[in-house]
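**Q** Listed here are the chains, written in short residue letters.
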Amino acid sequence: DTGVSQDPRHKITKRGQNVTFRCDPISEHNRLYWYRQTLGQGPEFLTYFQNEAQLEKSRLLSDRFSAERPKGSFSTLEIQRTEQGDSAMYLCASSITSDSARGANVLTFGAGSRLTVL
Amino acid sequence: SQQGEEDPQALSIQEGENATMNCSYKTSINNLQWYRQNSGRGLVHLILIRSNEREKHSGRLRVTLDTSKKSSSLLITASRAADTASYFCATDARWGTSYGKLTFGQGTILTVHP
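So the sequences go chain by chain: A and B.
Read in order, the letters of the first sequence are residues 5 to 122 in my numbering.
Read in order, the letters of the second sequence are residues 4 to 117 in my numbering.
Think of the hints as simulated: they come from the structure by calculation, not from any bench.
Glycine is no exception: its CB is placed at the ideal position from the N, C-alpha and C atoms.
Where hints are given, some of them may not hold.
[To be verified] Which residues of chain A face chain B? A few of them, derived with a C-beta cut under 8 Å, are: (1) A57; (2) F69; (3) A92; (4) F113; (5) G116; (6) L119; (7) V121.
[As the list claims (entries may be wrong)] Reference listing, derived: stretches of chain B covered by chain A, where coverage requires no fewer than 3 residues with Cβ under 8 Å from a Cβ of chain A: (8) 47-53; (9) 65-77.
[Stated by the list, open to error] What follows is a set of in silico ranges between Cβ atoms, one per label pair, in the way DEER data are often shown: (10) A:S66 to B:A84: 39 to 49 Å; (11) A:G7 to B:L78: 21 to 31 Å; (12) B:H60 to A:T17: 26 to 36 Å; (13) A:E56 to B:Q17: 45 to 55 Å.
Could you put the whole structure together from the sequences, leaning on the hints where they help?
**A** Put into structure tokens, the structure is as follows:
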């Protein structure tokens with residue numbers, strides 16, 4: 005297993021276009037998280053899944069954002085009608101609940117997908 | 004919203020010196036973690052300290068946790084130019100709206116000059 009993979013690494017789009025990011029977590033990890041990070045800031049939580057169930061969505065996640073994790077494997081994050089304020093690094097991370105049950109929810113991050121909205 | 008506040012926002016030192024970063028948080032936690040991020044990359048987990056622990060070591064890293072003050076510090080000893088990165092604390096809340104996911108601070112940018 006090579007870790008958490010994200011695709012594409014970079015995306016430049018025009019305002020109003022739709023974009024989709026994909027994340028492939030570590031295969032035995034059942035939790036998958038999406039975070040957004042802007043320049044000079046820490047990652048901000050967007051949403052997370054346990055298996056295929058989306059357990060929580062941040063209030064930051066407007067109706068233009070949707071995330072899926074079909075069959076509890078890879079996940080996609082779609083942004084519709086992009087705005088310049090959506091420009092950010094979108095980070096995916098995964099973890100395993102057995103670690104969380106032991107009080108050690110350690111996240112493994114992907115390299116991120118950088119979005120630039122012109 | 005950001006749970007942790009980190010201090011300083013930026014730190015510049017010479018190779019061989021020690022670097023200390025501080026983190027404060029607001030809610031009750033199961034554990035606190037530190038992550039490192041090289042420019043434009045994803046975050047890498049460094050060390051975790053549980054709420055019932057006060058100090059933990061891993062190689063050149065030393066983490067302390069004071070739950071009464073809701074604060075933590077990360078010490079990197081004998082720094083190297085390769086330690087240049089952003090460092091983030093992250094809290095794993097015991098309950099409340101932050102439960103179930105990590106909440107990150109704004110980070111400290113560390114620059115180590117050769």
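**Q** Given A:A57 as an interface hint, is the shortest Cβ-Cβ distance to chain B below 8 Å?
**A** 12 Å, violated
**Q** Is the shortest C-beta separation between A:L119 and chain B less than 8 Å?
**A** 13 Å, violated
**Q** Using the Cβ atoms, figure out if A:S66 sits within 39 to 49 Å of B:A84.
**A** The hinted range 39 to 49 Å holds for A:S66 and B:A84, with Cβ atoms some 41 Å apart.
**Q** At a Cβ distance under 8 Å, does chain A reach at least three residues of the segment 47-53 of chain B?
**A** With 4 residues close enough to chain A, the hint holds.
**Q** Could you tell me whether the CB distance from A:G7 to B:L78 stays inside 21 to 31 Å?
**A** 28 Å, holds
**Q** Return the status of the interface hint for A:F69: holds when the least beta-carbon distance to chain B is below 8 Å, violated otherwise.
**A** 16 Å, violated
**Q** For the segment 65-77 of chain B, count the residues whose Cβ lies under 8 Å from any Cβ of chain A; is that count three or more?
**A** violated (count 0)
**Q** Does the interface hint hold: is A:G116 within less than 8 Å of chain B, judged Cβ to Cβ?
**A** 5 Å, holds
**Q** Is the interface hint satisfied for A:V121? The criterion is a beta-carbon contact with chain B at less than 8 Å.
**A** Nearest chain B Cβ about 18 Å off; hint violated.
**Q** Okay, B:H60 versus A:T17 on CB: inside 26 to 36 Å?
**A** 46 Å, violated
**Q** Minimum Cβ distance from A:A92 to chain B below 8 Å?
**A** 12 Å, violated
**Q** With a cut-off of 8 Å, does the beta carbon of A:F113 approach a beta carbon of chain B closely enough for the hint to hold?
**A** 4 Å, holds
Consistency note: the structure conflicts with the earlier hints numbered 1, 2, 3, 6, 7, 9 and 12.
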